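Going down the list, the sequences are from chains A and B. The numbering used here applies: residue 170 is where the first sequence begins, and numbers increase by one. The numbering used here applies: residue 331 is where the second sequence begins, and numbers increase by one.
Be aware that a few hints might be false.
For lysine-lysine, the following BS3-like pairs were computed, each having C-alpha atoms within a straight-line distance of at most 30 Å [claimed, not checked]:
hint, chain 1, residue 1, chain 2, residue 2
1, A, Lys385, B, Lys343
2, B, Lys392, A, Lys421
3, A, Lys318, A, Lys276
4, B, Lys354, A, Lys421
5, B, Lys393, A, Lys351
6, B, Lys378, A, Lys381
7, A, Lys254, A, Lys203
8, A, Lys333, B, Lys354
9, A, Lys421, A, Lys351
10, B, Lys378, A, Lys361
11, A, Lys333, A, Lys318
12, A, Lys325, B, Lys375
13, A, Lys247, A, Lys314
Rather than coming from a laboratory, the hints here were simulated on the basis of the structure. Keep in mind it's a predicted model, so treat the numbers as computed, not measured.
One letter stands for each residue in the lines below.
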Amino acid sequence: MPKKKKDKIQNGDDGSLGDLFELPKGGLPISPAKDYFSVGEFLDILNEHLKSEKVSVAGEVTEFRAHDKWVSFSLKDKEDKSILKCFLSIWTYRSAGVLLEDGMEVKVSGYPRIYKLAGTFSFNVETIEPLGEGSLKKAYLLLLKMLEKEGLFARKRALPRFIKNIGVISSKDGVVIHDFRKNLKPLGFQIKFFNSRVEGADAVPGIIGGIKWLNKNMPDLDVMVIMRGGGSLESMQAFNNEQVCREIFSSKIPVLCGIGHEVDVPIACLVADAYVSTPTATAYTINESWDDLVSGLPMFERRIITQFGFYLKEFSSKLPYLWKNIYGRFGDNLAGLKKEASGISGRIFSAFRRVFVQFGIMSDRITKDAIRIIGDRLTHYISQIQKFEKIIAVADPERNLRLGYSIVFDGSGRVIKNAKDVKKGEVIKTKLGKGEIESEVKSITN
Amino acid sequence: MATKNNDIGESLKKLEAIASWFEKENEIDVEEGLKKVREGAALIKDLKSRLAEVTNEFEEIKKELTKDTE
């Protein structure tokens, strides 16, 4: 294969600046039949070689123009004013994730290229990086404005309560992940960790990859946490990158960002559903999702015990009235009264017993006062009832009859209490414990 | 998992209902009250077990075919 001769290309008409570049050895074979190239062929050959000259060039953005399908600007050397015309597709521009404006200092990487139809030398941009605080800040503000206008900062989803499954995107190295784990309460959290760089060229694809992966493979995660420590605006670039921010916004899993910052809140934080600035605070936020239970539970316990205490107090204060009602209702029906009385005391006894048992199950922090007061009252009323029961028992005529006493009725059915109330010869009826006797009065003694 | 979160939320709602029942009730019904206390006690016991100390689990995801970021 015939080797191509090294060609030196003179620059322009004055020839004073010497060589622009040298074509490397090797390259495309040339048909031996010709000793010249067509323009198209020549430019194609050049472009082939130029493609391998990947390089990064820095300068100031001027004449920035965004068209439908492509973007162009001139990168100007501030020192000697030379110009490099830059082009990129609109897709590449958006993927780069950085918004440009005239005046910004940027570093572009890509490769040189000759646009054949115009014969112009230009630079095909693949990535863009703002240089210096000024440009970084400018890019930040541009993106901030754009995303805010689109409404990406306005949607905030609430983090679920009682979080259990957590997806974490962060760097394996450094203290961030350790601080996070250390400050999570031992509530059985399931942490799935997706390792990614958080700085440098690999950060943007790493973070985006993580968000995509988790959404695809673990869509039931309760929350996704993205964390990095603090740093300069330059080291934060991945978190002010448009693609990263859009990926966060489109996550179906709610996103919590824990990213350190000084003055400017990283745009990733503004797009997320919630943000804090340290890994510790991130852990606390997750712990907080359990607050309803952690502080709610003892409160419920207190309320229920206290209320039930009042409840029983109310009940026990009504006891004398209950008693009176029952007595009033049954009145002369002593048997019924007795039955009812034992029923009540039985119920109160068992209620009392059960109250203790229930409080024992519920907790050790019993409102001792409530129990004591109720206990005292109940004991008091129970003894009252027992006294009445005794009285009833003693007054129960059936009982006396069983002991051998009897009741005597006159002819008209009235109970005879005085011997004077009967006449000799009158027929009287005697009721015994068992059975009755009919008799005739023979004699009367006072 | 969604069901676990919901369970706890549901139980808390029930406890709230029980506490309010006591706070509102005018008619004193000891039997009903005891029933509610028993329900409340069971819920509280279950929820307490959810709050018990359980070690967190940490697992690094091994990615099969993503661009290597190491």
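To see whether the hints hold, each was checked on the structure:
Note on Lys385(A) and Lys343(B): the hinted pairing is violated, with a Cα-Cα distance of about 33 Å set against a maximum of 30 Å. Of the supplied pair hints, the one linking Lys392(B) and Lys421(A) holds, its CA atoms being roughly 22 Å apart against a limit of 30 Å. Between the alpha carbons of Lys318(A) and Lys276(A) the distance comes to roughly 27 Å, so the proposed pair stays at or under 30 Å and holds. Taking the CA atoms of Lys354(B) and Lys421(A), the gap is about 42 Å. The hint is violated against a cut of 30 Å.
For the suggested pair Lys393(B) and Lys351(A), the alpha carbons sit about 25 Å apart, so the restraint of at most 30 Å is met. For the hint pairing Lys378(B) with Lys381(A), the CA-to-CA distance comes to about 37 Å; that exceeds 30 Å, so the pair is violated. Between the alpha carbons of Lys254(A) and Lys203(A) the distance comes to roughly 33 Å, so the proposed pair goes past 30 Å and is violated. Annotation: proposed proximity of Lys333(A) to Lys354(B) is violated, straight-line Cα distance about 35 Å (limit 30 Å).
Of the pairs offered as hints, the one joining Lys421(A) and Lys351(A) holds, with about 27 Å between alpha carbons and a cut-off of 30 Å not exceeded. Between the alpha carbons of Lys378(B) and Lys361(A) the distance comes to roughly 26 Å, so the proposed pair stays at or under 30 Å and holds. At most 30 Å may separate the alpha-carbon atoms for a hinted pair to count; Lys333(A) and Lys318(A) exceed this at roughly 34 Å. Of the pairs offered as hints, the one joining Lys325(A) and Lys375(B) is violated, with about 35 Å between alpha carbons and a cut-off of 30 Å exceeded.
About 28 Å separates the Cα atoms of Lys247(A) and Lys314(A), which keeps this hinted pair within 30 Å; it holds.
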